[in-house]
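Take the sequences, apply the hints, and build the full model.
Heads up: the sequence shown begins at 124 in the working numbering, then just goes up one per residue.
I should point out that these hints are in silico values taken from the structure, not numbers from a laboratory. Ideal placement from N, C-alpha and C gives every residue a C-beta, glycine not left out. Watch out, some of these pointers could steer you wrong.
[Said to hold, decoys possible] Pairs of lysine to aspartate or glutamate residues, derived as EDC-like cross-links and limited to a Cα-Cα distance of at most 16 Å, are as follows:
1) K281 with D298
2) K141 with D159
3) K319 with D200
4) K340 with D301
5) K383 with D360
6) K452 with D496
7) K340 with E307
8) K340 with D298
9) K459 with D377
[As the list claims (entries may be wrong)] Computed spacing ranges between beta-carbons, pair by pair:
10) G429 with K321: 34 to 40 Å
11) D189 with H252: 18 to 24 Å
12) R537 with E224: 32 to 38 Å
13) D377 with P216: 43 to 49 Å
14) S431 with S514: 31 to 37 Å
15) A531 with A158: 23 to 29 Å
16) A518 with D377: 23 to 29 Å
17) G279 with T148: 38 to 44 Å
18) R435 with N152: 49 to 55 Å
19) G371 with K452: 34 to 40 Å
20) E224 with K319: 21 to 27 Å
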Amino acid sequence: GIRGENDARGWMLLQHVKAWTAFDTTAGNPLRGRADLHNIALMGHSRGGEAVGHAAAFNRMARYPDDANVRLGFHYDIRAVVAIAPVDGQYRPADQFVPVENVSYLVLHGSHDGDVSTFHGLRQYQRVHFTDGQPHFKAAVYVYRANHGQWNTVWGNKDNGPRSGRRLDLRGLLDPADQRRVAEVYVSAFLDATLKGKREYLPLFRDHRVAGGWLPKTMYITRFEETGFHPLAGYDDDVDVTTGALAGVHLTGDSLATWKEGIIPYRGRGTDTQQNSAVWLGWNNRVAGDDTTRRGRPASYTIVLGDSLADRWHLTRDAMLSLELTATKDVPAPRKAPRDSAAGDSTRATGDRARSARSSARPKRDTTPPPIDLTVELRDGAGHVARLPLSRFGAIRRPLETHILRRADRERERFLNLYEFVLQTYLMPLADFAAVEPQLDVARLESVRLVFDRAVAGTVIVDEIGFTVPPDGVRAAAGEGRR
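Structure follows, in structure tokens:
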């Protein structure tokens, strides 16, 4: 009765676990007692990367969604799922994407994947939720110059078959051994953390820089979330840009050139998206006057916490502020100079002076946007303020440009952008803010403010702003071991 493809793959994975259960319990079987069936992880590549999510979902279901006459009822102790360069949505029961709950999840994807050329695993990452209070986590790793096939030793660098080297640009790919080394490091650390409870590996997923010489030299963008994350703003709740994820959370902007919420697109042409909403924040602190351009007050974006939220969540210095962000290539035009209403018509420029004012305010194409950084500010109820640069907690990159195809015209036909919007998770220990302002009372935080004072102009996409409260007895140090 299992008549699809990726759902059948998921069902078959569970049948393998069933077979191992028989091996483990059959007297005289050479594999008896060899497997720990209370700590199971599933791993899949490409279509199998989607199927492992279906297996984790089917494992908790009593019956097959497309035909209730087919019994499932597996209920094995599946604790972790690894998806490598997965597709997503090839199987959709009742035309819905399959959600997964209460298993840890790791997804790896390469920027130069010539087969699954969009990071489809981000959608499954979004659909993984933790509801049972157990110490789960999910992580996404985007690896620059990795392709689809070099994660294993068989498929090679020609992602669309033996002749696809004529179409695919293979010149910039990672060395095959290096690409597999990435998987070796992340998958082994993930399994040790999830199946063996070795939480000392969690800093690797919070900030890839702690791996030091373990990882090959390329660029990485990573996302991370664990049990204990409390969102302030997730942008999937409603269309009101001033409300957060919880009642009482209020969002405000000051001097922003761009402030809008929307669904993050994939790089491809068409309607396929990440099915995840975020906020676009753009600023230009220059003020265009008649003859000169000067800096005005820096733009900012503030999340005001509702009454007693910090106290309700038991925020301490062991907790972390978390947000996801990527810088874009958009640079808004300078602000218009404020009009002096008391000056009346005398403030109006005429003739050459008017043309000069219009020229200075006209946006110019900037082919080399400035580096992006910003200040993260925490304020408590007594008015104590602590500020730190976001770059302290990780590099701030614009989308990584990739060339998958040899011919530029074919690439323009296939892709809307030469890059994927992959947001980086920044985890900021509250202890770091308390270190710069010892009077800051983190148990009485009043607001989180992003101040765009470290780059004159730019645009960023921001999502999932909130706090992570570590489990009792566990000290969460996001920067532990950072180089």
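**Asked** Okay, which hints does this one fail, numbers in order?
**Response** Violated: hint 15 alone.
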